[in-house]
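Trainee: Residues per chain are reported as follows:
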Amino acid sequence: MKDFFETWKFRILIAVAVFLAGLLLYAAANGRLTAAPQELLSVAAAPFQKAAAWVAGGVGSVWDKYTSIDETMAENEALRAENAELRRQLAEYDQLKAENEAFRNLVGIQEDHPEMSFVPAFVIGRDGMDAFGGFTLDQGTVHGVKRGDTVIDDEGHLLGTVIEAGLTSCRVLTILHPSFNAAGVVSRTWDNGIVTGDAAYAPAGQCVFTDLSRESMASVGDEIITTGLGGVYPPDILVGRIVSIEPEPSGTSVVAVIQPDADVLGVKQAFVITDY
Amino acid sequence: MESRRKRRRSQLYKWGLYVLLLLGCTVLQALPGFLRLGQAKPVLLLPLALAAAVWEDEFSGALFGALCGLMWDYTAGKTAGLLALTVMGLSFVLSVASQLYLKLNTLNFALVSAGALWLVLSGDFLFYYAMPGYSGMLARYLAYIPLTVLLSAVLAVPLYRAAGWISETFKIDNGVI
Numbered sequence: 001m002k003d004f005f006e007t008w009k010f011r012i013l014i015a016v017a018v019f020l021a022g023l024l025l026y027a028a029a030n031g032r033l034t035a036a037p038q039e040l041l042s043v044a045a046a047p048f049q050k051a052a053a054w055v056a057g058g059v060g061s062v063w064d065k066y067t068s069i070d071e072t073m074a075e076n077e078a079l080r081a082e083n084a085e086l087r088r089q090l091a092e093y094d095q096l097k098a099e100n101e102a103f104r105n106l107v108g109i110q111e112d113h114p115e116m117s118f119v120p121a122f123v124i125g126r127d128g129m130d131a132f133g134g135f136t137l138d139q140g141t142v143h144g145v146k147r148g149d150t151v152i153d154d155e156g157h158l159l160g161t162v163i164e165a166g167l168t169s170c171r172v173l174t175i176l177h178p179s180f181n182a183a184g185v186v187s188r189t190w191d192n193g194i195v196t197g198d199a200a201y202a203p204a205g206q207c208v209f210t211d212l213s214r215e216s217m218a219s220v221g222d223e224i225i226t227t228g229l230g231g232v233y234p235p236d237i238l239v240g241r242i243v244s245i246e247p248e249p250s251g252t253s254v255v256a257v258i259q260p261d262a263d264v265l266g267v268k269q270a271f272v273i274t275d276y
Numbered sequence: 277m278e279s280r281r282k283r284r285r286s287q288l289y290k291w292g293l294y295v296l297l298l299l300g301c302t303v304l305q306a307l308p309g310f311l312r313l314g315q316a317k318p319v320l321l322l323p324l325a326l327a328a329a330v331w332e333d334e335f336s337g338a339l340f341g342a343l344c345g346l347m348w349d350y351t352a353g354k355t356a357g358l359l360a361l362t363v364m365g366l367s368f369v370l371s372v373a374s375q376l377y378l379k380l381n382t383l384n385f386a387l388v389s390a391g392a393l394w395l396v397l398s399g400d401f402l403f404y405y406a407m408p409g410y411s412g413m414l415a416r417y418l419a420y421i422p423l424t425v426l427l428s429a430v431l432a433v434p435l436y437r438a439a440g441w442i443s444e445t446f447k448i449d450n451g452v453i
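Chain order of the listed sequences is A and B.
Residue numbering for the first sequence follows the working numbering, starting at 1 and increasing by one per position.
Residue numbering for the second sequence follows the working numbering, starting at 277 and increasing by one per position.
Among the hints, a few may not be true.
[Stated by the list, open to error] When the alpha-carbon atoms are kept at most 25 Å apart in a straight line, the in silico BS3-like pairs for lysine-lysine are as follows:
(1) A/9 - B/290
(2) B/447 - B/379
(3) A/268 - A/97
(4) B/379 - A/146
(5) B/447 - A/9
[To be verified] Residues from chain B that keep clear of chain A, each with C-beta distances beyond 12 Å, as calculated:
(6) 312
(7) 382
(8) 383
(9) 395
(10) 404
[Claimed, not checked] Only part of the chain B face toward chain A is listed, based on derived beta-carbon distances under 8 Å:
(11) 306
(12) 315
(13) 335
(14) 351
(15) 361
(16) 405
(17) 420
(18) 422
(19) 424
Calculated directly from the structure, the hints in this document are not laboratory data.
Note that the Cβ used here is the ideal one computed from N, Cα and C, for glycine as well.
The task is simple: from the sequences and hints, build the whole structure.
Mentor: So, in structure tokens, the structure goes:
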């Protein structure tokens, strides 16, 4: 073992470690999550992830159908071949149906916001390490997605923002994350505030509306929408409804807990607003 | 004693299978809803890297660990290189330890990978959640880490066996008995 530290193999390992450390420093210094080698890996992994997301019931509980077909196969051996063919057709049908639905929703959203450009996308990755529901979409820079684009669900509700765009996939920071900040307004009273995430509410899929004036007439059930102030997020995107209003620790303002209209922790299909 | 060409081909198949296993683990680890229990979801890339490090030598194990770590950085949305360095280091240490001190079998490999995973996840928790001072993070720690470690340790067993099978099947026959 002592000899190993004097071999070329050990020098290569040291070089790889230095390279990785450099990669880490480069990515951190540029405020990025990924660097070129990892983007290549993500390009390789994205099609597999996309396929697996379809197969695993990303669009239509294919798993449930698979298990029920399994039971049928056990009951009737003679129908196995036919069932397998039907299952394949069903998966294709589910895929086409989901795509069709996605484009139909896109037309609906497009009619509501004719000034916006959208890219439809599917969630292909979620990692348990992200406590705030961050996910990976199957659209990247080659599809026109870029860092900072707003992400909404198929009904036009705010989900988050693109924090990193790779060639064929992108990473989304959700509205549950404390680093997320968007100018918002209570649609009924026009009180201003900031939509952001809070670690205490994120596990329940909720976010908060901070800096709300103590004199605000906002109440439970009011809808929060984006204002578009700052130019980061488009205006009039629905965020969610107020479920409770609590005093802020300093006492200068109040915090409204929001139940997002979008299912942030379980969403499977999304739209990226590439221009507005 | 095998010919050089046969050995090279055998090594190519071996690492091709390891890479396929890596892609499979990446996909399953990031698959929405896959084996999700509450907030917990199994981590497969670290046990795979450790399994390869145990069955191969410290050099190949560490390089494969770096690749697994890069993939984990990608799926978890972490800064590139962070988990890669960590997994590379752990793979190297475990490979050396298994050659010099530890006699690993399926059960204690599951325990070792559980320990390593606990270490990595706790470090991640410390830097990304505890240090920023988010509220309610102890609940997150308890709901996420122990169950994730348990799920991953269970899945480390088939990964260890798969890596063992790949390593033994494509072992170089150098003629030494």
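Trainee: So residue 395 of chain B supposedly isn't at the interface. Is its beta-carbon more than 12 Å from every beta-carbon in chain A?
Mentor: Fine: 14 Å to the nearest Cβ keeps residue 395 of chain B off the interface.
Trainee: Given the proposed pairing of residue 268 of chain A with residue 97 of chain A, does the C-alpha separation stay at or below 25 Å?
Mentor: At roughly 14 Å apart (the allowed maximum being 25 Å), residue 97 of chain A and residue 268 of chain A satisfy the hint.
Trainee: Does the nearest C-beta of chain A fall within a distance shorter than 8 Å of the C-beta of residue 361 of chain B?
Mentor: It holds, given that the least Cβ distance between residue 361 of chain B and chain A is near 5 Å, below 8 Å.
Trainee: Is residue 379 of chain B within 25 Å of residue 146 of chain A, Cα to Cα?
Mentor: 50 Å, violated
Trainee: With 12 Å as the threshold, tell me whether residue 383 of chain B passes as away from chain A on beta-carbon distances.
Mentor: 24 Å, holds
Trainee: Starting from residue 447 of chain B, check that the Cα of residue 379 of chain B is at most 25 Å away, please.
Mentor: Distance ~19 Å between residue 447 of chain B and residue 379 of chain B Cα, so the pair holds.
Trainee: Tell me if residue 420 of chain B is really an interface residue toward chain A, meaning its C-beta lies closer than 8 Å to one of theirs.
Mentor: 7 Å, holds
Trainee: Against chain A, does residue 312 of chain B hold up as non-interface, every C-beta pair farther apart than 12 Å?
Mentor: 8 Å, violated
Trainee: Can you confirm whether the C-alpha distance between residue 9 of chain A and residue 290 of chain B stays at or below 25 Å?
Mentor: 20 Å, holds
Trainee: Close enough to count: is the Cβ of residue 422 of chain B nearer than 8 Å to one in chain A?
Mentor: This hint is violated: residue 422 of chain B lies away from chain A, its Cβ roughly 13 Å from the closest one there, beyond 8 Å.
Trainee: Holds or violated: is the Cβ of residue 404 of chain B farther than 12 Å from all Cβ atoms of chain A?
Mentor: 8 Å, violated
Trainee: Taking the least C-beta to C-beta distance, is residue 405 of chain B closer than 8 Å to chain A?
Mentor: 6 Å, holds
In summary, the structure is inconsistent with hints 4, 6, 10 and 18 from the numbered list given earlier, while agreeing with the others.
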